[in-house]
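All chains should be built: construct the whole structure from the sequences, respecting the hints.
Oh and the sequence shown: position 297 is 297 in the UniProt record's numbering, straight run, nothing missing.
Treat the hints with caution; some may be incorrect.
Simulated restraints on C-beta separations [said to hold, decoys possible]:
| no. | residue 1 | residue 2 | range |
| --- | --- | --- | --- |
| 1 | R253 | G366 | 17 to 25 Å |
| 2 | P191 | F212 | 31 to 39 Å |
| 3 | R349 | D229 | 32 to 40 Å |
| 4 | D161 | E369 | 46 to 54 Å |
| 5 | D180 | A307 | 42 to 50 Å |
| 6 | S120 | F167 | 16 to 24 Å |
What the hints contain is simulated information worked out from the structure, not anything from laboratory work.
Keep in mind it's a predicted model, so treat the numbers as computed, not measured.
We put the CB at the ideal spot given by N, CA and C, even for glycine.
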Amino acid sequence: MVLSFRWYGPSDPVTLGDVRQIPGVRGVVSALHDVPPGEAWAPDAVQTLRQRVEDAGLALSCIESIPVPEGIKLGTDDRERLVDDWCRSVEAVGAAFRDGARVPVVCYNFMPVFDWTRTSLGRPLADGSEALAYVEGELSAVEEALASGGLPGWMDAHGPDDLRRLFAAYAEVDTERMWDHLGWFLERAVPVAEAAGVRLAIHPDDPPWPLFGLPRVVTSAEALGRVCDLVDSPANGVTFCTGSLGADPAQVRGLPDAAARLAERGRLHFAHLRNVAHLGDPADQATEAEGPGRDFTETAHPPRRWAAEGGDVDLGAVVRALVDAGFDGPLRPDHGRQIWSERDNDAVRPGYGLFDRALGAAYLLGLWEAHAR
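Here you go:
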């Protein structure tokens, strides 16, 4: 296992020097954040990123991520050109690791329009910290913002006119067509990744259910297995995110077994380990259309039994499953709370401050050491 930490490049207020001081963290997860989505990466740029990380005494353990253009997900007429450019980026990653230092992993997702959705970027918790949260009843305010053009900050990758166009296009795409488009993409991308010595790792949808009428398909551990079945290659794997899958209370108890199955199959290439707490009584939130328990907040990494602001996912059991399966890929703490001085610092990216993620890394390292003995 390579304990890793996400870094958003030179503009990130969390520096590589900060990351280097977190005990046990040897890897950095990053990307070419200055390259516009859809534009092919240059091998020299990836090599420069790798060298910058290594000069700080760390290793570039994973690329997160190379965005998949909407035209590929929609199946538009220009998708051949779009997938060719995407594959050139994968080849650039492979070229930067031709020395055999490590098999590079590329994390990506197939979520339409929005990578992730929360209704609050700073929900106050009882201990005074703040965290990302999703409350189904507050989603209407986000929908109103979409309709009016007053977009939340995390949606500003698309302008109002672009969003209306995308929403209209996705109205013609149901979940099975989305699966068809994902299969088409993988049939072209996986052989390129295999030849380049790169492992692809799809990230599950976050949260794992449809939003705004948009089709979402990678919504469960079973769906991750289906992705692996679409193209039978070790280069076609998954990112196992306990926070995304764990947002669905029906999936929480099965996460350790799911991690074991995917890791034993050799398809779990990257792990995001974070925690979530489900809010209120699931029975009060349930509707026939929506399913139970869709309100959640992100939390500290430990479970509730050890931390008042902990979560419902048993990360200890997930780590045990990964250790037993021989997982040796990159693993990182995922989103953290805003704690201490970061609560009042507007420069801190919500969910990606230093302090709580560093605490999460220390917690995960302790779990790994205990189970690996």
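| task | Could you work out which earlier hints the structure fails to respect and list their numbers in ascending sequence? | result | none
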